[in-house]
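Model the placement of chains Z and X on the given structure of chain W, informed by the hints.
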Amino acid sequence: MGKLWSLFFVFSAVIAVALCWFAPDWNWWFPGDGKAHSTLGGKIDDLFHLILIIVAVTFIGTQAALGYVLWRGATIKPEEKALFSHGSHSLEVIWTIVPSAVLLFIALYQLDVWAQFRIKGAIRDSHGKMVRPEPVAELTARQFEWRIRYPAKGKPLQPQPQPDDIYSVNELHIPSGRPVEVTLRTDDVQHAIFIPELRIKQDAVASLKIPVWFDALENRDYEMLCAELCGWGHYKMKAKVVARSDADFDAWKEQASAEQFDDGFRKPAEAK
Amino acid sequence: MMFRHSSNHRSVTTAPWQLVCGLALGIASGLAGCGTGPKAEFSYREATQKLIPVARKAIKDTLEDGFGTPHNLVAWERFPVAYGGAKASVVAAAEGVQPASKTISVSVEGDVSKLASGASVLWLTGTRAGEKAAADTVDTYDTKTKTLTWSGSAEPAPGVGDVLIVGFGHALQKGRAVYMKNCMHCHGVSGDGNGSTAQFLNPRPRDYRLGVFKFTSTLSAEKVSRDDLHRVVKYGIPGTYMPSFLLLGEEETKSVVEYVRWLAMRGEFEKRTDDDLGDFTEDSIVDTVKKSKTAFDAAKVAYDATLKAGDKDAVKPDAPIKLTDARKIATEAFAKFQASDLDQAVEDTASFLAEAWTRADDEASRIAPTVPRVADDAASRERGRLLYMSDKTKCYTCHGLLGKGNGAATEDFWKKPGTEELYPRRGLHDAWGNPLQPRNLTLGQYRGGRRPVDVFRRLYAGIKGTPMPGFGKTALKDEEIWDIVNFVMSLQYQSPQPAKTNAGGHVVATDMPEAK
Amino acid sequence: MSTLHPSIEHADHVDHGGHGHGHHELSFIQKYVFSTDHKVIGLQFLFTTLIMLMVGGALALGVRWQLARPWEYMPIFGDLTFASDGGQISPEAYTMLFTMHATVMIFLVIIPILAGAFGNFLIPLQIGADDMAFPVLNMLSYWFMWPAIACFACALGLAPNWLNETFLQLGMEKLVVRGGLIAGAANGWTSYPLLSALEQASPSSGAAQTWWLIAVTFVGVSSMMGSVNYMTTIINMRAPGMTLFRMPLTIWSMFITAILQAFALPVLTAAGFMLVADRMLGFCFFIPSGVVVNNAAPTVGGGQPLLWQHLFWFYSHPAVYIMLLPAMGMVSDMLACMCRKPVFGYKPMVYSMAAIAGLGFIVWGHHMFTSGMNPALGMTFMVATIMIALPSAIKVFNWIGTIWGGRVQFNTVMLNCVAFVSLFIVGGLSGIFMAAVPVDIYIHDTYFIVAHFHYVLFGATLFGVFGAIQFWFPKMWGRMMNETVGKIHFVLTFIGFNCTFFPMHLLGIAGMPRRYADPYHFPYLEHLLPLNQFMTGAAILMGFAQFLLLGNFVLSIFFGPKCGRNPWNANGLEWSAPSPPGHGNFDVPPVVYHGPYEYSSPVSGDKDFLMQTEYVPLAQRKVHTGH
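Chains as they are written, first to last, in our numbering: chain W, 562 to 833; chain Z, 117 to 632; chain X, 497 to 1123.
Bound conformation, chain W alone (with noise of 0.2 Å):
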């Protein structure tokens, strides 16, 4: 019976494992094509996949000892005494230094991309040269939906609203390929951005504006959402980062500019 309980849990270690293993196949793993689509997002995986070797070794070893142990201790006579042993010096030690080497090695080895993300106020973007983003708008959230004021095209973002702003809800557009800043702040409770694809998230506070710089690699949509609970309608903050080229992107904002200012008045040939 003993033996069979050690099996149990050496049996469900290696599901979890092989779960692992297969999740990608699954569809169960990073979301959309499983890549990361910003420079730093590509070295948050760099970093998750490095930890996760670290992570699986040291889960399949424990794992194993404890299985190990436990079919031992199933297969002693019952005539037998156990070891007595109140321990090992030098294991414990062994057992110290190795994993605090790890653990730290670990710890200074994220130091840069964290400074990168929050912390330089320059970002290497695609081809690795150090660069300060561009901030290209301001984001408001607010309960339950995403505000969004750009500067008029060829103009730099003020802090303060001016009259040619231009104005989109739930549509973050962004220039493609280059890092960018937007402004996170927040018209009530605290929400935060999060964009699974960029890997980026960063709450918003009240009485903040927090700068969040990325770059988008390719030119596309990405799906944008609240990370941080702000109230019952949490789940309706559906939003998405429309990634363009410049060219595209200044086309956007002359579209959109028109849109808004349009003063509804059509020629009478026109509005036939």
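By construction, these hints were calculated from the structure, which means they are not laboratory data. Among the clues, some could well be false.
What the hints assert, rightly or not - So the derived label-pair ranges between C-beta atoms look like this: (1) X:Ala850 <-> W:Leu565: 55 to 63 Å; (2) Z:Asp403 <-> W:Pro724: 39 to 47 Å; (3) W:Pro829 <-> Z:Ser456: 45 to 53 Å; (4) W:Leu565 <-> X:Ala773: 56 to 64 Å; (5) X:Leu740 <-> W:Glu640: 33 to 41 Å.
By construction, the Cβ of each residue, glycine as well, lies at the ideal position given by its N, Cα and C atoms.
For chains Z and X alone, kept in the frame of chain W given last:
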């Protein structure tokens, strides 16, 4: 395992899992002992509930007959709602294999490849036409042979050339699905603006049942157009809890707009019918009895006086009506009304609504400025300001001298419309009886849209269901309206402390350093 | 000496009514209701928390139901509250469900079942004291749970009408929950302002939130009384010979937990009062100026919502260890006994617990990596957080070392303990992902986090508790629990648990955010519905399996096979007392001669255990140990 960046063959293998999951859930549901649960219900207006039982029953029957219940919708064809479905005509008709079933070959315009069994069939021409939409439902549809079977009565048999609609009402059903998922919690199952969340929201969610919507592009006497509702669903109403459903999907948005229009028609139909039956309420019966008692008392006093004076011929006043008698009389009167006039009243209401809602989508009902926007310069804004302050518009009485929405009118007590009774709260109220704050124009927050044409339309036709009047055609010329538009839209940028506002709202961020 | 140590063979003949001290007649109420006896209080805590476990579990099943069948009829809850909507729950009801699930599980189950139930029951028994240092304080610490439970009920919107009427008449409208269940507290167990600070911010932010905060304060007072008591008792009331390093690891863990609680809890209590002050008295500790929510008047004052997060997590991160350390200690005890082997590395175990407690105070910022706090702090917190994995790892290695070479008894106790170790490994390792800030950017507030803390709090702690219930049950009632039912319960719970929570890691990696009433209207999450349905099925299985535990527990009290003082042949002091111990615990005042883990010692002769009270003559010791 970690390097397997997901390959291209995705989501293929979920099928066996679905089986396992379904199985697990099935067991679980069995364990939990759950069935399908209670059925959602349409609520009735308070006025309906106050009617005498027979009248109440008549109204409820009529409503259920014409609109059904949330789980069993009825598509009343005469209302201008795009109920959905594909038009088809009969090519050949034959007896079905099963008894009491029919097989016909049809040619269908449009895509019916997803036609499900259970979809309804509506006959537009031929011997079967004129029957209720729900009478025939599709059993099978073979896309290759274009053969349709349905069960139900086989007589009268359809003839070749008969026109029918298959899947009639499926757009409404889709709209209901979208509505029950996204809208119901605030707007309520019946569109009465009284969902479970509604009580916590300010302003309250719209009650569709007056058939009135605030932000429209139509003339002040007209209903809301499909485009207007579509726009509101898509972009939300800033400054309220109506969020933007931009990513809902075009088809979903369209169908939910139809459903909302349908709910509004149902609600207004009920309201108008209630109004027609205003004499048959419990209150009016009690009132009659009371009046009769008062009259009797007065007559009795006079009678006694005359008796005392010695007049033996004085006519003894009739005894006052008893409550039970009054009820009986009212019930009889209603039976008479029901026999003779009710159908006509329903008919009138239906055609009135059908016309009004059809007209709303006419080009002629839409407000289009006759002149382009007047150049937005200092002179125009100044003219706008003068108009704003003038007695012609009296904008300042509500919106305040500085446009902050705090005019003198917000301090007054106002009468409930049609009565002498005052609202218990100071300030303005809308047609739904909710307190209403005139817009603070300095925030840059435009509930009905921030396009100049939107603001123009607000001024031209007013905001329906609110004290905001329309100035178009009569009081102001289009050029003058544009001047006010220019003035109002500039207010956001003239604030003494421009730093205190922003477009999306009004969070003060100036006392915090920028987080850079 | 032999008179001091009644041997096991004679144990059953000792009448536990016959001990000498403080025995006077007590009324029923004094004895079983307002009792100052630590054992009765411990059992009161145990019963209360087991009931709350079922309540919390029911709330969780509500959450799972919505995730499996979004916007469809929800059994029971849908009938009760949303019948006219077709039994479909509303989003605020969903947020209320997960909020109250977490609240109940954390504040009314895990913290009190560890410190309250087992801490109370075991501390005096294991250190050889006749009761706690402050018995009345101890009693109060239990009875303060009930106002907390009542306030949580109000926070759920279950306040009775007469109570609401009373508050209205007293002019305290801010305490009247309007809207019933729909308006129940639903701002997450973290209750971040502004959502929790402004009563107009959501339906749940009204009076329910105030009640929630008051309830948490009551729980805090209860815990604080407990921890003062535990510290004093452990420091002052140990039996002769019970040196600090002869204490069982359970006692060490309770001691460290008590210290943690004593230092961390005041911060939460203060923060709670500040938030109540914000809500009811117009303070603005957490509320910045000029915020307009739900078209109410703009807020005044210049508070900072992030302050709450700092204060809250300054308590709540150590609280995670408060919810874990006692289970670690108990599992160490049980593992040693069930493997008939000394704990591997007793002192490293103690030091690593101390290290966890120390580091536990400087890692709270890892909950706030994306919150907008000074990003540079993220680096410090990341290093501290990753390093806290080290003592946890040492403990895991030591547990495996303890089993290694043991003569393992595969009974329910052991199985639950192995499950503890096995699942704690998963929970610990997944923690490394979120300790790494850049990775945490992505997985923060996704189901990966949910998976992680359920592996730690349920997988580890609750399995430890299941084992502990089975292990100490004979001491509580003098009867054994049913082994077969225990094993069935274990297998069902273990399978149900893993099937429910392991896939959550994958959901998290797939980017599914927590606290979403309907994740599936985001196209990239649509395909996760079948997986969620599978998890819900497993969760329901697991939920219903708990009735086995409950039934086994209750029925065994009356019908379990009777047992003697030391049915497990364990070493601890508690096993030298009668089962159940009478008032005053020990019939013979215990004297301690060894550490608690001298299993299979060569000096103990034929037996494979050596009770702490058993004196081994020097000569015998020399022969066998060769000293």
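Hints versus structure:
{"no.": "1", "hint": "X:Ala850 <-> W:Leu565: 55 to 63 Å", "result": "violated (38 Å)"}
{"no.": "2", "hint": "Z:Asp403 <-> W:Pro724: 39 to 47 Å", "result": "violated (59 Å)"}
{"no.": "3", "hint": "W:Pro829 <-> Z:Ser456: 45 to 53 Å", "result": "holds (51 Å)"}
{"no.": "4", "hint": "W:Leu565 <-> X:Ala773: 56 to 64 Å", "result": "holds (59 Å)"}
{"no.": "5", "hint": "X:Leu740 <-> W:Glu640: 33 to 41 Å", "result": "holds (36 Å)"}
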